[in-house]
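Since chain A is already given, all that's left is putting chains R and E on it; use the hints.
Chains as they are written, first to last, in full-length UniProt numbering: chain A, 1 to 218; chain R, 1 to 218; chain E, 1 to 218.
You may find that some hints are simply not true.
Which copy? The list can't say, so a pair holds if one copy fits it or any two copies do.
Straight-line C-alpha distance at most 27 Å; calculated DSSO-like pairs for lysine-lysine [to be verified]:
1. K215 with K101
2. K29 with K215
3. K101 with K29
Calculated from the structure, these hints are not laboratory results. All of these numbers come straight from a predicted model, not from anything done at the bench.
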Amino acid sequence: MEFHVSIFFIIEVIGTVAFASSGAMVAIKQQLDLLGVVVLGVTTAVGGGMLRDIILGNVPPGLFMNPVYVMAAFITVLALFIVVRLNQRILESRYIASYEKMMNIFDAVGLAAFTVTGIDTAVLAGYGDYHFLSVFLGVLTGVGGGVLRDIMAGQTPYILRKHVYASASIAGALCYVFLADWITGDASMIISALLVILIRMLATRYCWNLPTATKKQP
Amino acid sequence: MEFHVSIFFIIEVIGTVAFASSGAMVAIKQQLDLLGVVVLGVTTAVGGGMLRDIILGNVPPGLFMNPVYVMAAFITVLALFIVVRLNQRILESRYIASYEKMMNIFDAVGLAAFTVTGIDTAVLAGYGDYHFLSVFLGVLTGVGGGVLRDIMAGQTPYILRKHVYASASIAGALCYVFLADWITGDASMIISALLVILIRMLATRYCWNLPTATKKQP
Amino acid sequence: MEFHVSIFFIIEVIGTVAFASSGAMVAIKQQLDLLGVVVLGVTTAVGGGMLRDIILGNVPPGLFMNPVYVMAAFITVLALFIVVRLNQRILESRYIASYEKMMNIFDAVGLAAFTVTGIDTAVLAGYGDYHFLSVFLGVLTGVGGGVLRDIMAGQTPYILRKHVYASASIAGALCYVFLADWITGDASMIISALLVILIRMLATRYCWNLPTATKKQP
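Looking at chain A on its own, in the form it has when it is part of the complex:
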């Protein structure tokens, strides 16, 4: 993977930590063993980029060529596992709410960073004129790891079910593709990433949901 500005590396690491944490928490709640927690955590963090690279023909995918994100995810997952193992009541403690609130912000940062770098990867591979492909790959990089996590955990993917999550990624991706014709790549990247974060924060704060075709039964 390439980065226009090195601040994006830091932002991507923050996103990797948040995604790995979300995968590990799903695995811990399902009482999977250490390996299950590692696999689910790391897959959530780097699975989206792997799917993007396979579709783009970047094989072997970048995560294998430069495993820095895999290492970041692995360390996150291991730390979480050890903390929960040493103090099992922590999952019911009042700290968990603050932790999840912080992780939700980190997760929005990660979704934003992965969405724009996903598009960037498509553009650098020479597919900048294929707007549908670029947008799809941005969103896939953002949400693909979570989809793999949910499929492996036997759950209907979170993004299909509720909250404005993939929608935030789609909005940011469309914004990036349209802005790129008018302003510099770096500026449009940053504006689009901020848009993703803004939508996610507002959606969480005001409990936004997309409509369903039929009324929900309780």
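Below, chains R and E without anything else, positioned relative to chain A:
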């Protein structure tokens, strides 16, 4: 994707509409939100071709290079969503039976078209002599989208469970590969597609099922 | 696929038979039909190698170019289906325990063979210096088919849930990668494969399990 005869384009669009509709109905019945309905509908319609292209090394897959089928699927899904949203009792009305009967025929047409164009793609890529690969890719193009739909919806894939569905695709694919040595490509394509439709119609009419190893418990 | 020593071909066929058998038994217990049993059995046997080849860019995957393992898996599955169909009480008989004990040994042999040949494929493709990639592809070749089987059967993947299974593959893969710098390829291949088998046998005998983060509730 390439087409020998342009009538196949019309037939593929019919199949795309039917497949998108089947994915959208699964999502609507599971009360997924608008995005979930779109993702499941479009994945069902174009997912088989995407898997085929990845296995064949046609990357990025054709659906991204020429998103006409994605658009057809998207419009279908959106129309369905709006109709159900505006008139929720339609799902229990007597129209639904006629609608599902028509969609079942469309679905058979789609299965037939996708099976033969899947093989065609393999042949055009230079793998015509690899009969197992050709047959597999034909069947994958036909049933792969439905398998992705069921995995994402958290169900055991439909094709593994009942009805002569994948079997019809397999029969058509084998027919196409064998006939191709004896008659012209177009003729064997049409005969094989008709065979798929015929088997599906007979299987639905006479409730054909493949045997299971043990007796079904009720 | 390439083999350093032809004994590995025999060992791989043993593994293919065991993996196909495990997939077919899952399908038979879920009362899937003949096609479901074939798909699940064959996918379990060759799915790991297919995923490895896609990630490595070996497309179309080797299993399609030389379908000898697919044939071995198909014959195994068909034989099992016929035996269970003809004598349904066999699933509750005392023979089934001996059969499953034997298949457990075969499965360990398969896991060992697939792990080392998976690494070998990565090395032959020129990625020998990418240790993380090599180890990942070895383990993926070993356990990927089982993961696909479980996802298609709607179960949380076995390797995430219990028993020292993927861990044995990881230990063997790490051993192979480290030994390869010191002794000949063939010797390190055999030692690593034996390590996988040894760990699996000990784990089964002494009911080894990896730790979970929280205490299991019964």
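Do the hints match the structure? See the list:
1. K215 with K101: Between copies only: 25 Å across chains, 29 Å inside a chain, cut-off 27 Å.
2. K29 with K215: Cα proximity of K29 and K215: across copies only (11 Å, versus 30 Å in one copy).
3. K101 with K29: For K101 and K29, the Cα distance is within 27 Å only inside one copy (18 Å; across copies 32 Å).
Taken one by one, the earlier hints all hold for this structure without exception.
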